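Asker: Protein chains in written order, with the numbering used here: chain A, 1 to 346; chain B, 1 to 346; chain C, 1 to 346.
Please keep in mind that the hints were generated in silico from the structure rather than gathered at the bench. Source: prediction; values computed, not measured. Yeah, the Cβ is synthetic: ideal placement off N, Cα and C, and Gly gets one too. Do not rely on the hints blindly, as some may be mistaken.
Covered, in the sense of this in silico footprint (three residues per stretch, anywhere, with C-beta under 8 Å from a C-beta of chain A), are these stretches of chain C [claimed, not checked]:
(1) 172-178
(2) 189-203
Derived lysine to aspartate or glutamate pairs resembling EDC-like cross-links, with alpha carbons at most 20 Å apart [as the list claims (entries may be wrong)]:
(3) A:Lys319 <-> A:Glu309
(4) B:Lys319 <-> C:Glu322
(5) A:Lys127 <-> A:Glu25
(6) A:Lys3 <-> A:Glu25
(7) C:Lys192 <-> A:Glu91
(8) A:Lys69 <-> A:Glu7
(9) A:Lys127 <-> A:Asp101
(10) C:Lys319 <-> B:Glu314
(11) C:Lys312 <-> B:Glu314
(12) C:Lys339 <-> A:Glu91
(13) B:Lys319 <-> A:Glu322
(14) B:Lys339 <-> C:Asp32
(15) A:Lys127 <-> A:Asp143
(16) C:Lys127 <-> C:Asp101
(17) C:Lys339 <-> B:Glu15
(18) A:Lys339 <-> C:Asp21
(19) B:Lys343 <-> C:Glu342
(20) A:Lys344 <-> C:Glu338
(21) C:Lys339 <-> B:Glu338
(22) C:Lys127 <-> C:Asp143
(23) C:Lys192 <-> A:Asp76
(24) B:Lys319 <-> B:Glu309
(25) B:Lys319 <-> B:Glu331
(26) C:Lys2 <-> C:Asp21
(27) C:Lys127 <-> C:Glu91
(28) A:Lys312 <-> B:Glu338
(29) B:Lys49 <-> B:Asp31
(30) A:Lys344 <-> C:Glu342
(31) A:Lys192 <-> B:Asp203
(32) B:Lys312 <-> B:Glu322
(33) A:Lys3 <-> A:Glu15
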Amino acid sequence: MKKTLNEIAAFLGGEVIGDGDVLVERIRGIDDAGAGDLTFVANRKYRKKLATTGAAAILVTPGTPCPGKNLLVVQDPYVAMGRLLNLFHPEEEETAGVHRDARVETGADVSATAVVYPGVHVCRGAKVEAGAVLYPGVFVGRDCVVGEASVLYPRVTLYRRSLIGRRVVLHAGVVVGSDGFGFANPGRQNIKIPQTGYVQIDDDVEIGANTTIDRGTLGRTWIQRGAKIDNLVQIAHNVVVGECAIIVAQVGISGSTRLGAGVVVGGQAGIVGHIEIGAHAMVAARSGVHKDIPPNQIVAGTPHLPHREWLKMEACLPKLPEMRAAIVALERRVAELEKESEKKTV
Amino acid sequence: MKKTLNEIAAFLGGEVIGDGDVLVERIRGIDDAGAGDLTFVANRKYRKKLATTGAAAILVTPGTPCPGKNLLVVQDPYVAMGRLLNLFHPEEEETAGVHRDARVETGADVSATAVVYPGVHVCRGAKVEAGAVLYPGVFVGRDCVVGEASVLYPRVTLYRRSLIGRRVVLHAGVVVGSDGFGFANPGRQNIKIPQTGYVQIDDDVEIGANTTIDRGTLGRTWIQRGAKIDNLVQIAHNVVVGECAIIVAQVGISGSTRLGAGVVVGGQAGIVGHIEIGAHAMVAARSGVHKDIPPNQIVAGTPHLPHREWLKMEACLPKLPEMRAAIVALERRVAELEKESEKKTV
Amino acid sequence: MKKTLNEIAAFLGGEVIGDGDVLVERIRGIDDAGAGDLTFVANRKYRKKLATTGAAAILVTPGTPCPGKNLLVVQDPYVAMGRLLNLFHPEEEETAGVHRDARVETGADVSATAVVYPGVHVCRGAKVEAGAVLYPGVFVGRDCVVGEASVLYPRVTLYRRSLIGRRVVLHAGVVVGSDGFGFANPGRQNIKIPQTGYVQIDDDVEIGANTTIDRGTLGRTWIQRGAKIDNLVQIAHNVVVGECAIIVAQVGISGSTRLGAGVVVGGQAGIVGHIEIGAHAMVAARSGVHKDIPPNQIVAGTPHLPHREWLKMEACLPKLPEMRAAIVALERRVAELEKESEKKTV
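Can you make the complete structure from the sequences, with help from the hints?
Answerer: So this is what it looks like as structure tokens:
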């Protein structure tokens, strides 16, 4: 595909500075971009590279100084690049139908427009809706639903009764609906509490590779509309993840905790069970959250603190040895003063 | 299934307060429970919900105040609920036999009462005992044993020589017997040390989705009877996990470390290699354990401390900025006093 | 296989102390070793076991005191044991060929000497080179390359365009090339940025079970020659892992970060995005790295510090409660001195 910068500006709605007739054939990162390439700068850290890039054109925010380059000025270069990538890299069409080496049990209901690869297993009572794509090795348990146009990459496993909405993307190795970790008298008897609930994943959710989502003990574990979850995340039984929440890789969320809409949780953070994280709260990467967080609050650290307090606390940590030495020195000096003072008093 | 509260009391052995003839059709969480539902309160945090629940009956501990409700008083409501869930949700019977789309190599020994789904692969020399269930995509390597009545969910992989006991449950995506991480001269040459040992998992163990257990370099990695391991846990080569131990999600245990019986390790904790964790010790979530822990000790933090010491230490962290300011102020005041003292002496 | 200690010394190049004619049939850990077994001591912690082991012979470093035992003295007992394990446990030969229950799409190119198990899926445009082994359930996406003699264990998933070098080992459940986690306006709109790049894994890399490696947003995520990555690691889009780097289990590396040659990252550490870790730097287990690290530096902690500083800081943490008490006591004593001083002045 080739487009002039002017054509791209018309598509994205931005303003051209420089040569609008320059041809763009590819989108490329700023380090690799050369003739025929459009690149972008969204992270300020990479601005210094503007001067030296050989790119044919650059997507920038308003006010980015860059003399002598062909620029396309847009409000959000990252979003604009995403739209262009969709234009330059349209999704390949898959051929509809159930491959003869797929195994669909009697009593399963698979839409004629679904794509079911060889090596897929769909159990009785399950429903696969129009346009859904099931890659090789996908397992759809009894009484599951896979909604319209959802994509399940290779080796995704849905335990029985999992409900997957529309346009959901589950990456390779995702496990939905495994038993929650419920054992009575732990460390002594480990009596198994049956896990009889299910998982509900709403429309437009995306879940990263090898992430695990346990089903409810009773009732559901619930991932709400538009939430995005990264790789290797653990979501325990009866957790609720709010609409459009963002959960970065390797986070763990313990049982029955509820995240409000738009909550953002940084990578490797851990959240204890039975608490509430208010809407649009943000949890910094690697934090350990042990109690409720009010809406819109930003927290960090273990135990977590409001972000500003945490920054101040954290700045003190490397100073601990000199603080300790200062205390010892003060104790010596004060003892000396006390001796002096006593002498004089006597 | 419908049972009166009196019938349930007879089954569980508890005492009814209120209407023993009320019918119970389902078990439900306290937020969702209505007519026909029995619910429970095990966590004190949810006691306040007793007053407003519409449940037909409630499992409670002795002495729980709850006027006007139908109660079933039992010693442990959580365990009692587990027993009821088994009663109300009996496991579905699977049809015994090897599906014609399963691949059992010549020289494998699969019991006639085992259930082997399509897409399973059993290598030569492997043994699958009576009543075992292998879901689609399970891989059983050479010379493995899968014991009686064990259940391997979809995509479980057993590398060669893995020994799985009876009534073991391995959730989807579990990997047993992958190579331990052994490289000599790391960061320079990375000389691979062959991993020639195996994994032994004893009876009644349960292991969560996508957890990985490496085989021994020499000898075995050993998960002992009744241990329960959650999702996304890493168990390195030659680790021993003691009987009835509990390991919560995303924990990592390094090579050759030994956990005694009944050890409980909280989520996301990490334990270094070549140490001993004594029987019934408890490691708080997110702790970093760097040396031996005596039996029955409770530890927390990184570096880990006895739990009480850790609580005191942790309470100081948010005070660090004011401690630092206090030290600076003290230094100023002491300098002032020293100046005064000197003046007077002179 | 049986060999005398003298024969083994000839093979390894070491010096025998004691009986060179003793027969060795097996290699075993020091706790289990008896007659016919050769064992080794590499970790000093296990030296005390030398006196009591029943092993026929022991691999030791020069100068290890051990009267009355048969010793084979070598420079590096761990490497020597690795070489012996290769000798005593040669890899089993696999039978070349594509199994009839494997699914190779038209337009894929599979070498006649490759081993393709049943249940493997190779998409059109993919290339599988000589001697490669694909275990059951492996998925090779469109236009992938699997290089000579590489081994993909069960359930490995390669998304489209992944490039795998020669002699690469990917353990069970590894996911290569899943979408990077790129969403604009996170927590509000979560606009998906298409991930159109790929993953390149160079020769002699080994990657542990259930590890995930996302493809580049644009361009590549790149694991360079000889790097070794453990289980359950997360490598985000456009990360570069340098030659012979070592990454221990459960580490997470965020987008566009670059690790130099020979970098060693301890287990459960986390590294933020868009930074540089210099060649042969070492990051201690469980560290949180938030900014560039110069070459050869050793760091630890969250926020990370040079290792020596971190040791000093860490030693202060348990002292925090007494430091706080000391400050309070000092404030009282200084106030007292100030009062005295004022009295005298007046």
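Asker: For every hint, state whether the structure bears it out.
Answerer: Tested hints:
Coverage of the segment 172-178 of chain C by chain A holds. Counting CB-CB distances below 8 Å, 3 residues qualify, and the rule asks for three or more. Judged by the Cβ-Cβ criterion of 8 Å, the segment 189-203 of chain C is covered by chain A as claimed, because 7 of its residues qualify and three suffice. For a cut-off of 20 Å, the pair hint linking Lys319 of chain A to Glu309 of chain A stands: about 16 Å separates their Cα positions. A threshold of 20 Å between alpha carbons decides the hint, and for Lys319 of chain B with Glu322 of chain C the separation of about 13 Å falls inside it, so the pair holds.
In summary, the hint linking Lys127 of chain A to Glu25 of chain A is not supported, as the alpha carbons are separated by about 42 Å, beyond the 20 Å threshold. With a CA separation close to 7 Å, the supplied pair Lys3 of chain A and Glu25 of chain A stays within the 20 Å bound. Between Lys192 of chain C and Glu91 of chain A the alpha-carbon distance is near 14 Å, which keeps this suggested pair within the 20 Å criterion. Straight-line distance between C-alpha atoms of Lys69 of chain A and Glu7 of chain A comes to about 18 Å, which keeps the hinted pair within the 20 Å bound.
Between Lys127 of chain A and Asp101 of chain A, the direct Cα distance comes to roughly 19 Å. Compliance with the 20 Å bound is thereby established for this hinted pair. Using a Cα cut-off of 20 Å, the hinted pair Lys319 of chain C and Glu314 of chain B holds, with the two alpha carbons roughly 11 Å apart. Between the alpha carbons of Lys312 of chain C and Glu314 of chain B the distance comes to roughly 18 Å, so the proposed pair stays at or under 20 Å and holds. The straight-line distance between the Cα atoms of Lys339 of chain C and Glu91 of chain A is roughly 80 Å, outside the 20 Å bound, and the hint therefore fails.
The straight-line distance between the Cα atoms of Lys319 of chain B and Glu322 of chain A is roughly 16 Å, inside the 20 Å bound, and the hint therefore holds. At roughly 71 Å between alpha-carbon atoms, Lys339 of chain B and Asp32 of chain C are farther apart than 20 Å, so this suggested pair is violated. Proposed proximity of Lys127 of chain A and Asp143 of chain A is supported: the alpha carbons are some 7 Å apart, at most 20 Å. Between Lys127 of chain C and Asp101 of chain C, the direct Cα distance comes to roughly 19 Å. Compliance with the 20 Å bound is thereby established for this hinted pair.
For the given pair, Lys339 of chain C sits about 69 Å from Glu15 of chain B by alpha-carbon distance, which is inconsistent with the 20 Å threshold. For the suggested pair Lys339 of chain A and Asp21 of chain C, the alpha carbons sit about 78 Å apart, so the restraint of at most 20 Å is broken. Between Lys343 of chain B and Glu342 of chain C, the direct Cα distance comes to roughly 13 Å. Compliance with the 20 Å bound is thereby established for this hinted pair. Using a Cα cut-off of 20 Å, the hinted pair Lys344 of chain A and Glu338 of chain C holds, with the two alpha carbons roughly 14 Å apart.
Between Lys339 of chain C and Glu338 of chain B, the direct Cα distance comes to roughly 14 Å. Compliance with the 20 Å bound is thereby established for this hinted pair. Proposed proximity of Lys127 of chain C and Asp143 of chain C is supported: the alpha carbons are some 7 Å apart, at most 20 Å. With a C-alpha separation of about 14 Å, the suggested pairing of Lys192 of chain C with Asp76 of chain A holds against the 20 Å cut-off. Of the supplied pair hints, the one linking Lys319 of chain B and Glu309 of chain B holds, its CA atoms being roughly 16 Å apart against a limit of 20 Å.
Of the pairs offered as hints, the one joining Lys319 of chain B and Glu331 of chain B holds, with about 18 Å between alpha carbons and a cut-off of 20 Å not exceeded. Straight-line distance between C-alpha atoms of Lys2 of chain C and Asp21 of chain C comes to about 11 Å, which keeps the hinted pair within the 20 Å bound. Distance restraint check for Lys127 of chain C and Glu91 of chain C: the Cα-Cα separation of roughly 24 Å exceeds the 20 Å cut-off, and the hinted pair is therefore not satisfied. The straight-line distance between the Cα atoms of Lys312 of chain A and Glu338 of chain B is roughly 31 Å, outside the 20 Å bound, and the hint therefore fails.
Distance hint between Lys49 of chain B and Asp31 of chain B is fulfilled; the C-alpha atoms sit about 8 Å from each other, no more than 20 Å. For the hint linking Lys344 of chain A to Glu342 of chain C, the alpha-carbon distance of about 13 Å falls within 20 Å, and the restraint holds. This hinted pair checks out: Lys192 of chain A and Asp203 of chain B have alpha carbons roughly 14 Å apart, not beyond 20 Å. Proposed proximity of Lys312 of chain B and Glu322 of chain B is supported: the alpha carbons are some 17 Å apart, at most 20 Å.
With a C-alpha separation of about 16 Å, the suggested pairing of Lys3 of chain A with Glu15 of chain A holds against the 20 Å cut-off.
Consistency with the previously given hints fails for numbers 5, 12, 14, 17, 18, 27 and 28, ordered from lowest to highest.
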